[in-house]
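Student: Counting from 1 along the sequence shown, just add 2 to a position and that's the residue number in this note's numbering.
Just so you know, the hints here were simulated from the structure itself, not pulled from any lab data. Any given hint might turn out to be false.
Now the in silico label distances, taken between C-beta atoms and shown as ranges [to be verified]: (1) 62 / 20: 11 to 21 Å; (2) 27 / 66: 26 to 36 Å; (3) 17 / 46: 14 to 24 Å; (4) 53 / 79: 12 to 22 Å; (5) 11 / 45: 15 to 25 Å; (6) 37 / 85: 15 to 25 Å; (7) 64 / 43: 14 to 24 Å; (8) 82 / 58: 24 to 34 Å; (9) 46 / 20: 13 to 23 Å; (10) 79 / 16: 33 to 43 Å; (11) 16 / 77: 35 to 45 Å; (12) 77 / 15: 29 to 39 Å.
For every residue, glycine included, the Cβ atom is placed at its ideal position computed from N, Cα and C.
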Amino acid sequence: MDSHKLLIELTLVPAGRHIAFSKEMLEKVHVYRRVGTAGDAWQQVATNARSPFIDTEAFPAGTTLEYHVQHFNQQDAFEGHSNIVRTTL
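Put together the whole structure using the sequences plus the hints.
Tutor: Okay, structure coming up:
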């Protein structure tokens, strides 16, 4: 699998956090978020997501959020994960 297609981009928008990623036609992409920094558990926030995914959950100002996506084929076999993107609200 080409690693270049596993890149994601995070942009802050009025509705929340806009997460853009590339996805093959038959591929499934799940979005994961963790609050805080490394060591906190990743939480799956979207299953078989479409790009862009907007995370609208509210968090207090100053909260650091990290996101990554995982790619799976039609048989639900793991194919790889994206880079981790981070923002502080």
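Student: Hint by hint, where does the structure go against what was stated? Just the numbers, ascending.
Tutor: Per hint list: zero violations.
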